[in-house]
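Following the hints, put chain F in place on chain S, whose structure we already have.
Protein chains: 2
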Amino acid sequence: MAHNSTSSIPLEKVRIQDEFWSEYIRLVRDVVVPYQWEALNDRVPGAEPSHAIRNLKIAAGEEQGDFYGMVFQDSDVSKWLEAVAYLLDSAPNPDLERVADEVIEIIGKAQQPDGYLNTYFTLKEPGKRWTNLAECHELYCAGHLIEAAVAYAKATGKRRLLDIACKFADHIGTVFGSEPGKLKGYDGHQEIELALMKLYHVTGKDSYLQLCRFFVDQRGMLPHFYEDEFKKRGGTVHFKDLAMSHDLSYSQAHLPVRKQETAEGHAVRLVYMCTGMAELAAETGDAALLEACRKLWTNIVTKRMYITGGIGSMAHGESFTLDYDLPNDTMYAETCASIGLIFFARRMLQLDPRAEYADVMERALYNTVVSGMSKDGKHFFYVNPLEVKPDVCKINKAYAHVKPVRQGWFGCACCPPNIARLLASLGQYIYSFKDDTLYTHLYVGSRIEWETDGQTVNLEQLSDYAWNGNAMFRVNAAKPAKFTLALRIPGWCKGEAVIHIGGYKYTYDPNQVTDGYVKITRLWQDGDVIDISFPMTILRMKGHPSIRQTIGKVAIQRGPFVYCLEEADNGPELHTLQLSERNELTTYFDSGLMGGLQVIQAEAIRTGAEDWGSDLYRSDAISRSKNVTARLIPYFAWANRGVGEMSVWVREST
Amino acid sequence: MAHNSTSSIPLEKVRIQDEFWSEYIRLVRDVVVPYQWEALNDRVPGAEPSHAIRNLKIAAGEEQGDFYGMVFQDSDVSKWLEAVAYLLDSAPNPDLERVADEVIEIIGKAQQPDGYLNTYFTLKEPGKRWTNLAECHELYCAGHLIEAAVAYAKATGKRRLLDIACKFADHIGTVFGSEPGKLKGYDGHQEIELALMKLYHVTGKDSYLQLCRFFVDQRGMLPHFYEDEFKKRGGTVHFKDLAMSHDLSYSQAHLPVRKQETAEGHAVRLVYMCTGMAELAAETGDAALLEACRKLWTNIVTKRMYITGGIGSMAHGESFTLDYDLPNDTMYAETCASIGLIFFARRMLQLDPRAEYADVMERALYNTVVSGMSKDGKHFFYVNPLEVKPDVCKINKAYAHVKPVRQGWFGCACCPPNIARLLASLGQYIYSFKDDTLYTHLYVGSRIEWETDGQTVNLEQLSDYAWNGNAMFRVNAAKPAKFTLALRIPGWCKGEAVIHIGGYKYTYDPNQVTDGYVKITRLWQDGDVIDISFPMTILRMKGHPSIRQTIGKVAIQRGPFVYCLEEADNGPELHTLQLSERNELTTYFDSGLMGGLQVIQAEAIRTGAEDWGSDLYRSDAISRSKNVTARLIPYFAWANRGVGEMSVWVREST
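Residue numbers (UniProt numbering), protein chains in the order written: chain S, 1 to 654; chain F, 1 to 654.
Any given hint could be a false lead.
Pairs count within a copy or across copies, as identical chains cannot be separated in the list.
[Claimed, not checked] DSBU-like mimics (lysine-lysine), calculated; alpha carbons at most 30 Å apart, straight line:
1) Lys124 <-> Lys57
2) Lys394 <-> Lys553
3) Lys232 <-> Lys182
4) Lys394 <-> Lys231
5) Lys397 <-> Lys303
6) Lys259 <-> Lys295
7) Lys240 <-> Lys397
8) Lys303 <-> Lys626
9) Lys397 <-> Lys553
10) Lys240 <-> Lys124
11) Lys109 <-> Lys128
Rather than coming from a laboratory, the hints here were simulated on the basis of the structure.
Isolated chain S, as found in the complex (with noise of 0.2 Å):
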């Protein structure tokens, strides 16, 4: 690690008992991955089969069949993998561990002896292996295949699939590079960088590092990797409706990463290597390569998210369109590419604690990640959209990839193991530390250990944060500690942090706060205390007014959480809700709403159509417009009351 980088608390040193977070975690656990489990063993009912796992087996020689499935198929055994060493992380699960083990032992017959390990060429087109990068997704399984032998090594300290996973890698190296006779290609879904730079970290060898460099700089260079396979297999293609081969942009393959400025293409791919790269600047120091990863973030984040922390403005290559495109209802904001927007927002929070960076993975977190999933663990949004008519998602066909309810597994499900993964290993996203100073990036109660000066701190986090914003640590240490405490204090609460220790206030000075964190140095005490709250005020939001969609709206905003109108509290017709600058906004819990919900009441006026005739278009139009009590719930509880309107964004009267 390059010495300005933060370090994760090791996953199985953290336990997370949160108010918000632990029911989704426990769903992840008790649901999500037993469900998948089933689902990857074509036993869901009703589902389309994953044959994965059959793939695997018939790999490994001990079925008889066909490949079956996505090119991509054997990543969803990875993520499993992957989301399952993050539960073992918190919790021995013997019966879980053991099927893991099995499906490892099968994965491990099906590697061929060179190292090679994917069903779909090792069945379907053996002899055309890495001959359609652009469009295969080889080293995208690869690289999830390595991400979950590195947490499967961590969490249960087995070597098996870290060894499959190395043989791998080793023998990808023997492929790839810039040696004469190695292919100068790399992947069309970028995931293997990041696999890479996880691989190097718990093996230590150069050879991991050097290979995601070289995936890093190749891509974009000319002669075009992509044109030339292309030609050189006879012009075929595998996605049919995709230019995938040609329309470079679409995996940031139209320049060379350091020479992007603005965010292109399939949103996931983006996030995927801006991850890699900034794990590798990390490492190496590479200014220009961090440099690079800074201005992807920067147009991002200030140009082509929505306040959701959904990315991806088309449906069309679930992709970026260009600066301030934001459509509330045609775009795609896959939960895929918020969880990737989170992957790479805590590698730019190692790299350089800034809280603009744990802001935006809150934001993602808090609404698009946890709207992902329903609360019965069974259905999930691929795309999140902020504004819904479900009839007319039905019929136009510009909306028909919006689904105004959660849909079942997939058969190749991209997006539920994805918020399995990122939820189960949620403890590695709470704080980082560097020498004495331990930053905490989101409030989430939990239980960490920590070693500094000289000893195991314990620190305990208590938190109402994501309903009340208040967050309370406990010092643990069996003597006096001192360290840094660099507590986030979140972009929506403008500055107004309120401290207590040991239950006086505590007033700081603005030298104390660096980048968002207030930092409190002290020789802490066993039992200290700190108390930080943030005031909940309900915030109207509004866009840039470069993005036309949000011009003359507001979005309302209380804490980590936006808001939406639905159907269920407010009627149809949400469009012709108005709020007012003027009128006042109010909260309350309500504990029977989906399990209990902090709700916001707004004055608002409704245009009615009560006088207003059969006319389409009119000059003397009589609009009756009536007061009206609104209704919001926050974003991520939407669709959960039938199938109905919503919205975000609302017109506001000034």
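The following block gives chain F in isolation, referenced to the frame of chain S:
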């Protein structure tokens, strides 16, 4: 003709001389029709070849080669001939007539001995005639041939093309019908219905009426013909992207036409169908059919039409979607669909002279249709957006079909020849009559000869209606003539018409106004002058509150013209402009602007980003708003000053 209907003035009895329209008609005569002739003969440099004349020559045995083009390529030649016929109706042109006669000879030779005529099936799929009505446009092409034939016979008195058409129609009558052994099918793209009615009117042959009735009655009946023929031909599909054989509402075949209450599917198909239905209902007095026409009309104009007279809310299938779903930026609103709406409106007007039909006809004509063609007659809009941001159209695929500039001729260009035939026959849309009442539907400068009260009355109309809302009528009659002049009061003027007769103000009784027409019955003297003028108030139009895309917005209209903001006048980011209900709107004629345009100026507020900073969203935004003068031009004139943003609907503060 059923006794309630009005009749058109024959085209050869109408001469248009209008400040606004004459130039467009001249363009059709001098540019569009000659240019299309070059295009049909593949002589337009840089344009995709049409091959339409070559296809006919090959089918006629005059040339060797293969069919090339769309399955409906023949219809381009027919539409051209129809436009030529209307031009010949207005003024002799021996050179043009000679060229047309030559084409007609080729068509005659291409006709098969049994009367069948379609170069696609004759050359490319012989033996597959009538096996794919859902997709393959044979009856559509037949319809256009018939329309051309009827027009050409009327204009020139020559029967050659009419004989060809009758022979083809007779052949179709042997193939389709309720008798045993005949196909129970109907056209996948409606057109032949209205054409058969024209053929019936010109020939008086009842079999054409019966065939039309068969097609109208058969549509949507069960068992479903499209499904049957699909199975019968082994499930082949002609257009892969559209499920024409199965998406029955696409071609309005989801229900018997009398049971259809909403405008569904492909917009052009729907309005062509309605035109035929209305014509049939007028002739037969079929009340249920007329009622179906009224229902579909009402659904379109009160729930599914743009303020510009555009129809078709989505690009996919160029189709209607659902009530009040009128996106301004992703819609299709094809020029041809608005032309079809004008056809439908005219037939409804003939059935039932109500100003509401003429209002819609005028709206479509003065806005979408005339916008469809550039001032050079060589560039055309197929898609007519109400809001355009050119850089977004280039990158965000949700807008890929929206072009910010008029396009050159396509290989198979539907809209340009449709504009040509409509404008060349505009004289048929101005008046209609019943007994001794002459209805004035459009205020277009013209001179007509009308047989009434036992003599030929010449009625001259001088109009500067488009810009100033005035029209003057002068009666020329050898002897006094008793008749009723019914003058339409446009919906936009809210009944505030001022009439002078012989220079004296004429006060009319409310009883004289029927369905939006002031009826003045007199013994008119030679030289009588009637002036009518309408207040050209600048109207602030609002959309029905159920339209989510127009709520909180205003569209400016003056006279028949809907206005728009353009970047050329107002700079980029048009969405940052806001009008106020309280601010004054002024207007002036800018004679230097695109040959002269009435311009509207509005005091407006522009939201600037100067003090905003780099955040994408903020709760403490200081939006600097400054007062600016917005300039609006008529919608039809947009996209003539380079590539730029355009918007019809403007945010409005109340």
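Are any of the numbered hints broken by this structure? If so, which, sorted upward? Those not satisfied: there are none.
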